[in-house]
Amino acid sequence: MSVSQLGQEKCQVCEGYINPLGLDDIKHYMTEIDSEWQVNEKGHLVRQYKFKNFKEALDFANKIGKLAEEEGHHPNLIVGWGRCTIELWSHNIKGLSKNDFILSSKIDALGE
1 MSVSQLGQEK
11 CQVCEGYINP
21 LGLDDIKHYM
31 TEIDSEWQVN
41 EKGHLVRQYK
51 FKNFKEALDF
61 ANKIGKLAEE
71 EGHHPNLIVG
81 WGRCTIELWS
91 HNIKGLSKND
101 FILSSKIDAL
111 GE
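If you're matching positions, the sequence shown starts at 1 in our numbering and goes up one per residue.
Worth flagging that the hints you see were computed from the coordinates, not collected in a lab.
Here the structure is a predicted model, which is why all the values come from computation and not from measurement.
Beta carbons: idealized from backbone N, C-alpha and C, even for Gly.
Mixed in with the good hints there might be a few duds.
Straight-line distance between alpha carbons at most 27 Å, and here's what the computed DSSO-like set of lysine-lysine pairs gives [as the list claims (entries may be wrong)]:
#	residue 1	residue 2
1	LYS63	LYS50
2	LYS66	LYS52
3	LYS42	LYS27
4	LYS52	LYS63
5	LYS27	LYS55
6	LYS94	LYS66
7	LYS27	LYS50
8	LYS63	LYS98
9	LYS98	LYS55
10	LYS42	LYS98
Distance windows between CB atoms, simulated [stated by the list, open to error]:
#	residue 1	residue 2	range
11	ASN62	LYS42	36 to 44 Å
12	ILE18	GLY82	33 to 41 Å
13	ASP25	LEU110	23 to 31 Å
14	LEU58	GLU36	18 to 26 Å
15	ASN53	ALA109	21 to 29 Å
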């Protein structure tokens, strides 16, 4: 599955009975998204985008917000001068799901 294929998918509702992705699945999906995404110590998907100024970072965060509403999957966003940091995980299953990789792919398309 390529990044463009992930970006063509739609996030699905994760019910509480779904298990988070295992390490093998996470490793697989990491190869399918931009290498700037990393898994942090909490097991969340994280990436920082850099911009010329605060306005550009805020505009990007607002685009992500619109996308998140459309997908029904909401990242944590930290906006500062010249940067927007995104942190993704599936809150209700307390780990990563395929949705996190779908949304990361779609966010990358916004940043192109």
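Hints versus structure:
1. LYS63 with LYS50: holds, 15 Å
2. LYS66 with LYS52: holds, 22 Å
3. LYS42 with LYS27: Roughly 16 Å separates the two Cα atoms, so the pair holds.
4. LYS52 with LYS63: With Cα atoms ~17 Å apart, LYS52 and LYS63 stay inside 27 Å; holds.
5. LYS27 with LYS55: violated, 34 Å
6. LYS94 with LYS66: holds, 23 Å
7. LYS27 with LYS50: holds, 25 Å
8. LYS63 with LYS98: Judged against 27 Å, a Cα distance of about 21 Å means the pair holds.
9. LYS98 with LYS55: Measuring from Cα to Cα gives roughly 31 Å; hence the hint is violated.
10. LYS42 with LYS98: holds, 17 Å
11. ASN62 with LYS42: 36 to 44 Å: About 25 Å separates the Cβ atoms of ASN62 and LYS42, which means 36 to 44 Å is violated.
12. ILE18 with GLY82: 33 to 41 Å: With a Cβ separation near 37 Å, ILE18 and GLY82 satisfy 33 to 41 Å, so the hint holds.
13. ASP25 with LEU110: 23 to 31 Å: holds, 25 Å
14. LEU58 with GLU36: 18 to 26 Å: Distance hint for LEU58, GLU36 holds at roughly 20 Å.
15. ASN53 with ALA109: 21 to 29 Å: Between ASN53 and ALA109, where Cβ atoms are some 22 Å apart, the hint holds.
The structure shown violates the earlier hints numbered 5, 9 and 11.
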